[in-house]
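Undergrad: Produce the complete structure using the sequences and hints provided.
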Amino acid sequence: MIRFTDVHKAFGPKVVLAGMTLDIPAGQTTVIIGFSGSGKSVALKHIVGLIEPDAGQVEVDGQVVHDLAPDALSLLRAGIGYVFQFAALFDSMTVGDNIRLGLRRHGLDPDEVATRVRESLHLVDLDEAEARYPAELSGGMRKRVGIARAIALRPRYILYDEPTTGLDPVTSAVIDELMVRARRELGVTGVVVTHDMRSAYTVGDRIAMLYQGRIRQVGTIEEIRQTDDPVVRNFIEGRPFDPDRLPAAEARA
Amino acid sequence: MDSARALADARTWAPHVLPQMRRLGVDSVPIALFIATFTGIVLALLSKYIFTGAVPMYFVGALVGKTIMMELGPVLTGLALAGRVGANIAAEVGTMRVTEQVDALETLAYNPNSYLVVPRVLAGVLMFPVVTALAVAIGVTAGWITAINLLDLSTLEFVKGLRLFYRFKDIWFGLLKAASFGAAVTLAGCLMGLATRGGAEGVGRNTTRAVVIGCEAILVLDAFWALVLL
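Protein sequence lines, in the order shown, are assigned to chains A and B. Under numbering that gives the first Met the number 0, the first residue of the first sequence carries the number 0, and numbering increases by one thereafter. Under numbering that gives the first Met the number 0, the first residue of the second sequence carries the number 0, and numbering increases by one thereafter.
Some hints could be false.
[Stated by the list, open to error] Rough simulated footprint, nothing fancy, chain B against chain A, three-plus residues with beta-carbon under 8 Å: (1) 65-77; (2) 114-126.
[Unchecked claim] Which chain A residues face chain B? A few, computed with CB under 8 Å, are given here: (3) Gly36; (4) Val47; (5) Leu49; (6) Tyr81; (7) Phe83; (8) Phe85; (9) Phe89.
[What the hints assert, rightly or not] Here are some chain B residues pointing at chain A (derived, C-beta under 7 Å): (10) Glu70; (11) Asp102; (12) Ala132; (13) Ala136.
Hints are computed from structural coordinates only; laboratory data are not their basis. We put the CB at the ideal spot given by N, CA and C, even for glycine.
TA: This is the structure in structure tokens:
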């Protein structure tokens with residue numbers, strides 16, 4: 000389980016998280032939605048200790064992430080796959096080497112590494128791409144390699160940062176299907192950050208909306224679809240709105 | 000603390016040292032030798048201009064040898080490599096930073112200092128003296144060829160001047176300086192690269208900073224070693 004407790008984070012004068020509290024249960028996929036720049040990716044990076052909170056804490060399986068010693072943090076990270084917004088593949092390495100890099104870190108024998116590379120590429124339907132370089136791949140293929148790199152570690156959690164952003168609808172659907180398959184076939188807990196509602200409804204078991212640095216609402220797909228919160232409703236229906244013009248009670252931060 | 004931990008993680012950095020030595024050192028040899036050749040030629044011509052009628056001409060060998068071994072060889076090579084190597088490292092690491100490749104390394108449980116910084120700095124410390132030694136050899140050779148062809152000096156006279164004030168310290172002083180320049184230039188490149196923010200503009204800005212800091216560090220270290228060791 001991942002737990003955010005009253006997490007605050009600011010970059011200079013810009014407050015990004017202002018008391019975010021959220022429980023992410025194991026075995027499900029939780030989707031964090033919110034406007035661009037609302038701090039979704041910043042929240043995700045707290046989970047693997049890429050960013051430390053100014054106040055509050057993030058726990059993963061009962062361990063407070065920013066209190067962990069470097070070795071313990073490495074161990075924690077070994078159980079968490081991270082799929083970056085633009086894949087973040089190492090462009091000087093082949094697809095196969097990108098996947099092998101993480102596996103070698105954990106001291107697996109070469110046969111096991113080769114098997115896992117093959118299996119993870121097969122899972123994302125890129126069996127033929129092992130010897131290719133990231134520059135030779137399309138955006139969608141790069142994202143699939145990013146997912147393969149995360150899956151190969153056999154993690155307990157996979158964090159997806161805007162997995163369908165910038166992709167055409169068909170490729171987005173392929174990525175959504177991969178995320179669903181990762182949970183179904185591998186049993187991993189997923190945390191997906193997105194503002195793509197079609198993707199959120201497809202892959203999510205629960206949806207949490209981050210707004211003005213806090214979780215505005217969290218619930219099942221049905222609860223979110225039927226919400227009467229004006230901010231959440233306007234967001235999921237894609238209607239422009241001005242938060243300053245909401246009635247005071249509804250504009251609660 | 001983090002640097003000590005990064006250095007202790009030899010399993011991560013060791014495989015990358017040799018490739019970095021080739022990239023940062025071997026690939027820099029042509030530019031270093033080009034500069035050294037013309038420095039040797041100019042020094043020989045300059046010494047003739049200075050010495051004519053006042054100092055025996057075999058002192059040309061002394062001036063060329065001493066100056067290239069102790070000062071111009073290490074410093075000019077260092078400055079050239081600050082441009083080539085410092086910019087190369089800062090641009091590469093900076094691009095990795097803004098495209099989240101450094102974050103990806105961390106999520107794969109690698110320490111970026113072990114993976115990116117240590118092999119580059121070690122390669123700089125080991126290869127700057129090697130490139131400098133080659134530059135010194137070529138610079139002195141260029142000075143000698145200039146002296147016997149354009150200054151009416153014999154090889155014996157040039158070598159006599161070369162050996163006149165020679166001390167073994169001249170060599171290791173130059174190479175020690177080169178090693179420290181290698182550390183400064185590569186460290187500036189890595190740190191500026193890792194500190195990069197803000198996309199292509201940030202990469203450009205920090206690449207320039209890395210070169211400027213590397214050049215400044217070379218000049219400060221040059222004065223420091225002269226004060227401490229001479």
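Undergrad: Which of the numbered hints are not met once you compare them with the structure shown?
TA: 2, 3, 10, 12 and 13
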